[in-house]
Amino acid sequence: MEASEGKSKKPGASRLCCLCNQRRPVLKRPKTLQQICRECFYEVFEEEIHQVIVGNRLFKSGERVAIGASGGKDSTVLAYVLSELNRRHNYGLDLFLLSIDEGITGYRDDSLETVKRNEVQYGLPLQILSYKDLYGWTMDEIVKMIGLKNNCTFCGVFRRQALDRGAALLKVDKLVTGHNADDIAETVLLNILRGDIARLSRCTSITTGEDGPIPRCKPFKYTYEKEIVIYPSLLKLNFDTLTYDIRMLISRSWTTSPPNVSIYSPNAYRGFAREFIKDLERLRPRAILDIIKSGEDFRIATTTKMPEQGTCERCGYISSQKWCKACVLLEGLNRGLPKMGIGRARGGVNGDHKKETKKPPASAAKSLESKQCGSLDF
Amino acid sequence: MACNSSGCESGCYDREKENGRKIEESAVADGVKESVCVKCKCNEPMTFGDGGSDDGRFCAECFRNNVFGKFRLAVTSHAMITPSDNVLVAFSGGSSSRVALQFVHELQIKALKNYEASRDRSLPVFGVGVAFVDESAAYPALSTEMVDAVSWIRSTVTDLSPPAKDLHVVPIESVFGSDSIEARDRLVKLLDSVSDETGKEDLVLHLKMLSLQKVASENGYTRLVVGSCTSRLASHVLTATVKGRGYSLSADIQHVDARWKVPIVLPLRDCIWQEITRLCHLDGFDSLKTLELARHPQSGINDLVSSFVALLQEENPSRECTIVRTAAKLTPFYFNKIPETDDACVPLATQRRLKKFNLKYDGSMTTEAFCAICNGPINGSDSSDLNTFEERGESDALYAACCSSCRFQILPQDRSSLEQFGSSLPHHMTSQVNHHHKVNSQAYLREKIKDCLILDTEEAI
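Chains U and S supply the protein sequences, listed in that same order.
1 is the number of the first residue of the first sequence in UniProt numbering; add one for each residue after it.
1 is the number of the first residue of the second sequence in UniProt numbering; add one for each residue after it.
Here chain U stands alone, though its shape is the one from the complex:
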């Protein structure tokens, strides 16, 4: 039988999995290009993540851990692997899924469906927090108020904080996200390209915000994106491949800017960097790990000035200004001045008129139907 297989393959190719030497290999492992069988792939994939978790002491027993779940491949696989490892190695973690619903009609429906299915499949409790819960506004309402221009500012600013706010609301000890090795390598490159030495020094750390209220960690720091795609396809996990595409489509249909705007956007190199990393991986799979290693090894003086991190006076979230961006935008929305906080500072809350706006006017207080974000325990 082996002989017949040998004929169909290239001569000299090994016919047995190079890890167990027993079974037939079904794939070339993206990270090492070893030909391995399905069982060995699961084993090394999960074992590597386990080693990362143990080696970096990511969790303590008894911690309440929220998994940021978007319904995409990374977070779905992360949820599955973490719940498996938690069971297998007795981490003693109280895991649950945390999803954010922006409140855009038709946008999250599919991915939230996926997350709900995951809840049932892996037996992980699911918490869905909407922008309405967190900020008092859905994205649809915001768009109705401010029109098609600039709405991405709101969505982006709110999304960046949403997981942290949600986690604070649900009193979790740690937040895990599905950032993979490709993402981190990309961040290292981008920080070099844009000259951000301070962020370069911290972008490779596996846990961030340890001194803050809710540390975030990335168990997939050394896990290749390709392997994350292979893993569920061999296991037949459910995940929403369309999430990303839909997000792109919707944001495009919302934006009224001319189509060639991205050419002049100062961030056009972001796309180049991603492509570049894919090209590198093709040439030398190890390059992704090497970039992360470089990022960890850079000799950056410990005295390097970090961007000052204060806290928002209003909600307690990290902010470089008096009020965090979300509070500024929210204030604008609630006062019916949605342009506030968009574009260059025009004497907004953080500008010259601080005193004036310090006390929210009565009208604003009235229109805050839901809780103010100040009620969060950061």
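Worth flagging that the hints you see were computed from the coordinates, not collected in a lab.
Incorrect hints may have been included.
Okay, derived cross-link-like pairs now, SDA-like style, lysine to any residue, Cα gap no bigger than 20 Å in a straight line [claimed, not checked]:
1. K329/S with I197/U
2. K329/S with D196/U
3. K200/S with P285/U
FRET-style restraints, in silico, Cβ to Cβ [as the list claims (entries may be wrong)]:
4. Q413/S with T208/U: 32 to 40 Å
5. P140/S with E47/U: 41 to 49 Å
6. P163/S with T208/U: 52 to 60 Å
7. V38/S with R159/U: 28 to 36 Å
8. R199/U with N65/S: 31 to 39 Å
9. K149/U with L73/S: 40 to 48 Å
10. G147/U with S318/S: 50 to 58 Å
11. Q22/U with Q413/S: 35 to 43 Å
12. T208/U with L73/S: 33 to 41 Å
13. N43/S with T311/U: 29 to 37 Å
14. P140/S with R199/U: 41 to 49 Å
A partial selection of chain S residues facing chain U, derived with a Cβ cut-off under 7 Å [to be verified]:
15. L123
16. V242
17. S250
18. S306
19. F308
20. I323
Keep in mind it's a predicted model, so treat the numbers as computed, not measured.
The beta carbon of each residue, even a glycine, is placed where N, CA and C say it ideally should be.
Go by the hints and put chain S onto chain U.
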């Protein structure tokens, strides 16, 4: 999105403002109907037609002065060339090293003039030599053009006198010994045993540096001038990052690199490739393009990175500078300055300048171990997993003395060929292996008996 926030750091607002200003400027220029150089305001500006952002703004003279100014500032502020020095310029025939050679030559002429004009003639004029590395043994495709290339180099160097300059044509295999046939064989064997294309390219580069060092120290030179420009260094920053050499990166991109026997200086570090080519165009310099092409195969990590950087530069003309500036913020090593042994020879003005630039060198972060192959400093955490190799044979010692990047892309993976590989390495590299061992054990011993030692400073008290 980011541009809307007040904390936007991408500079898009500034750029917008600048664009506005540029438009204004050009409008003014149109109004006058006659464009003049923005610096001297009297000559006609040069147009190069290369699509650069400052095309058509400076006249030829101002442009030239600007580039030369950057060169001179680098030289004086880092004490790269002092009157007592004997400088060897590494000349590959490319544009950058051609410009470096030209500038060093001009500096020398000026020094000579000053010398002749001064009454006491106390400051001698520094000497200049030129070295060209013949790589035909490493790249057989080059051998047909090499004869022409060498004669071209020779005529270029002779044109640059007086003052007369020695030309050293060094075959790359010279690092293996004086017997050229045997040395060539060893080189070919060594390169054949490296399977990774990028690894092979890098190894040739290291060997080239070794042969330059060899000729420099044998002929009594005290500085080695290398014409790497900003663009070249930007590519190096990214290739080093991609190869996992983040730790040693900061050693390679400073103005001065004194870890070698003859310190290397990079006076063109702050000039971008576009400026170099424009200058060559202005001055009518030729370069050995055929040699450049034949030297670089179109595959491998290095080429991928170069094309990536070129793409980025096209998108934003200051990207290369940003990359190099970012990397320059990484803490340099103690050897990234001219050693202070000849303090008296450094002119007072230079000392003041050094103070002004306030170059910080972290003496506490010194590493004593260097990779046996690429001579890059080795990170402590890298060598820590090597102690397991302590009690093994010579091949393991070689493995232990290399950085993780060289281990991957240059060293053969299986043990038997590793031994053979070690034996075909140039003597200099293998001696480094033994040195590495010694340093390690000495440091280890010292660490053990540290608390029993009386330090010099303590004694004084």
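Would you check the hint for K329/S and I197/U, treating anything up to 20 Å between C-alpha atoms as holding?
-> Satisfied, since the Cα-Cα distance of roughly 7 Å is no more than 20 Å.
Using the C-beta atoms of Q22/U and Q413/S, is the stated range 35 to 43 Å upheld?
-> violated (24 Å)
Do the Cβ positions of V38/S and R159/U conform to the proposed distance bound of 28 to 36 Å?
-> Hint violated: Cβ distance 45 Å, outside 28 to 36 Å.
Is it true that the C-beta distance of T208/U to L73/S lies inside 33 to 41 Å, as the hint says?
-> holds (40 Å)
Does the Cβ-Cβ separation between K149/U and L73/S fall within 40 to 48 Å?
-> Taking Cβ atoms as reference, K149/U and L73/S lie about 47 Å apart, which means the hint holds.
That 50 to 58 Å hint for G147/U and S318/S (C-beta), does it hold up?
-> violated (35 Å)
Quick one, are K200/S and P285/U close enough, alpha carbons at most 20 Å?
-> holds (18 Å)
Confirm or reject the claim that Q413/S and T208/U have a C-beta distance inside 32 to 40 Å.
-> holds (36 Å)
Was the hint right that S250/S lines chain U, CB cutoff 7 Å?
-> holds (5 Å)
Per the CB criterion, is S306/S less than 7 Å away from chain U?
-> violated (12 Å)
Does the alpha-carbon distance linking K329/S and D196/U stay inside the 20 Å limit?
-> holds (10 Å)
Evaluation of the interface hint that places F308/S against chain U, nearest CB under 7 Å | holds (5 Å)
Hint violations for this structure: numbers 7, 10, 11, 13, 15 and 18, all remaining hints satisfied.
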